[in-house]
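In the order they appear, the protein sequences are chains A and B.
Note that full-length UniProt numbering has the first sequence beginning at 1, numbered continuously upward.
Note that full-length UniProt numbering has the second sequence beginning at 1, numbered continuously upward.
Rather than coming from a laboratory, the hints here were simulated on the basis of the structure.
No experiment lies behind these values; they were computed from the predicted model shown.
A hint or two may mislead.
What the hints assert, rightly or not - Simulated coverage check for chain A against chain B, where a stretch passes if three residues somewhere in it have a Cβ under 8 Å from a Cβ of chain B: (1) 78 to 84; (2) 168 to 182; (3) 202 to 208.
Heads up, the beta-carbon is just placed ideally off N, CA and C, and yes, glycines get one too.
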Amino acid sequence: MQQSSWQGIKLVFRKELVVGLRFKAAWAAMLMFSLTTLACVSMALQGGTLEPRLLAALLWVILFFASLAGADRVFADEDTAGTLLALRIYGPSQAVLMGKMLYTFFLMVALAAFITPLFVLLLDVTVTAPGLLTVALLLGCGGIAAAGTLIAALTTGASVHGGLFSILMLPVILPVFLPAISLSAAAFGGGDSAGSYLVGMGLYDLILAVGASLLFDYLWYED
Amino acid sequence: MKLKQGNYLLAGIGLLTVVLLYLVFWVVPPAQGLGNYVRIAFFHIPVAWVSVLAFLMSAGWGAGYLRRRDMRFDALSAASARFGLIFVVLATVSGAVFSKLTWGAYWNWDPRQTTIFVLLLIYGAYLTLRAVMPEPTRRARVSAVYALFSFLTVPFLVFIIPRLFFSLHPSPVINGSGSVAMEPVMLATLLVGLLDATLIYAWLVRKSVSGRDKEVLA
Numbered sequence: 001m002q003q004s005s006w007q008g009i010k011l012v013f014r015k016e017l018v019v020g021l022r023f024k025a026a027w028a029a030m031l032m033f034s035l036t037t038l039a040c041v042s043m044a045l046q047g048g049t050l051e052p053r054l055l056a057a058l059l060w061v062i063l064f065f066a067s068l069a070g071a072d073r074v075f076a077d078e079d080t081a082g083t084l085l086a087l088r089i090y091g092p093s094q095a096v097l098m099g100k101m102l103y104t105f106f107l108m109v110a111l112a113a114f115i116t117p118l119f120v121l122l123l124d125v126t127v128t129a130p131g132l133l134t135v136a137l138l139l140g141c142g143g144i145a146a147a148g149t150l151i152a153a154l155t156t157g158a159s160v161h162g163g164l165f166s167i168l169m170l171p172v173i174l175p176v177f178l179p180a181i182s183l184s185a186a187a188f189g190g191g192d193s194a195g196s197y198l199v200g201m202g203l204y205d206l207i208l209a210v211g212a213s214l215l216f217d218y219l220w221y222e223d
Numbered sequence: 001m002k003l004k005q006g007n008y009l010l011a012g013i014g015l016l017t018v019v020l021l022y023l024v025f026w027v028v029p030p031a032q033g034l035g036n037y038v039r040i041a042f043f044h045i046p047v048a049w050v051s052v053l054a055f056l057m058s059a060g061w062g063a064g065y066l067r068r069r070d071m072r073f074d075a076l077s078a079a080s081a082r083f084g085l086i087f088v089v090l091a092t093v094s095g096a097v098f099s100k101l102t103w104g105a106y107w108n109w110d111p112r113q114t115t116i117f118v119l120l121l122i123y124g125a126y127l128t129l130r131a132v133m134p135e136p137t138r139r140a141r142v143s144a145v146y147a148l149f150s151f152l153t154v155p156f157l158v159f160i161i162p163r164l165f166f167s168l169h170p171s172p173v174i175n176g177s178g179s180v181a182m183e184p185v186m187l188a189t190l191l192v193g194l195l196d197a198t199l200i201y202a203w204l205v206r207k208s209v210s211g212r213d214k215e216v217l218a
């Protein structure tokens, strides 16, 4: 990658981080959503034990829906604030996309780092393969970031926003979601998990990132 | 002239449908193990095929719009998705009925059921996106991008999902070894069904887009 492109990505990432930390709306919505959902699940179970596969599915449902509370704002906030046009004029499309994707990935990793230990603690989960769980979480976050950034750009300008992001995200992210649940279940002691799932997830993450990169220019540059 | 062509196509479809019904109910023998339930397959497989074809065409016309910025491609892409949704619902329902009659449950997340359900979600998402975009040019652009982006799931649905879950679903007609595992009369009936469903889809899309053109000209 050229030096200037990398520089642009870093600048966009830094801008997102500074704005995100200053206004905190996305962070607060995401972290509180995940905490509230986890508390509901934990209270409902009343200390009861669940199968590893069910635990894995719960973890990913919490992560996925909590991510929607934060990841869908990366372009909508700019649109509301009126800064999208400035970014369009001064920012090269690929630097904007990759910078925002990197920031969403960072947001997702922070969310996973926040909620997973609490999940393990509150639901009394035995993690037999922490390395596998970490890799599955990283790859899952990568997929959500890659697809989420393009879909957040798609929904800018929609007349209705409520629920739209999740409707558009779910079919595209299922190829990451299902293997992630299988791998997490294996990490919670629920049978063996094929290494091919990891390769598959990694490949699909890459396909999503490349696809988003190829298609983003059509959204970024108006006629 | 166009109207005449459309009428010929409609007459051809009508004739083909009558031939297909005759073949399905009078010529095809009950299948080993499935009995008369096999007749559902001659409805289910063609509508499932058109569900996938309509998705491919919708993405293809979406790509056409992005290249040429011609709203006609957008209209074709939207029409293909609208009718694709109807076909995918028919495929899901007929598949669930077949599943209940042969395996005892309407739904068990069989790989092919998962695939068709994901397709249903994609069609739903695509049409929702179109519904919430008020500005026509932006609507055309974002829906084309989404159609192409969701197309990325195809390799996963075709190659990965069948390896993730155990399946009771019969193998495809042309299976992994490339051989055709079907009696000649059944294969012929199936091919007639596939042609009939494809022509019905083509006629619906054509009719829908030409109707829209007339509205624009008026």
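### Query
Honestly, which of those hints from before does the structure not fit?
1
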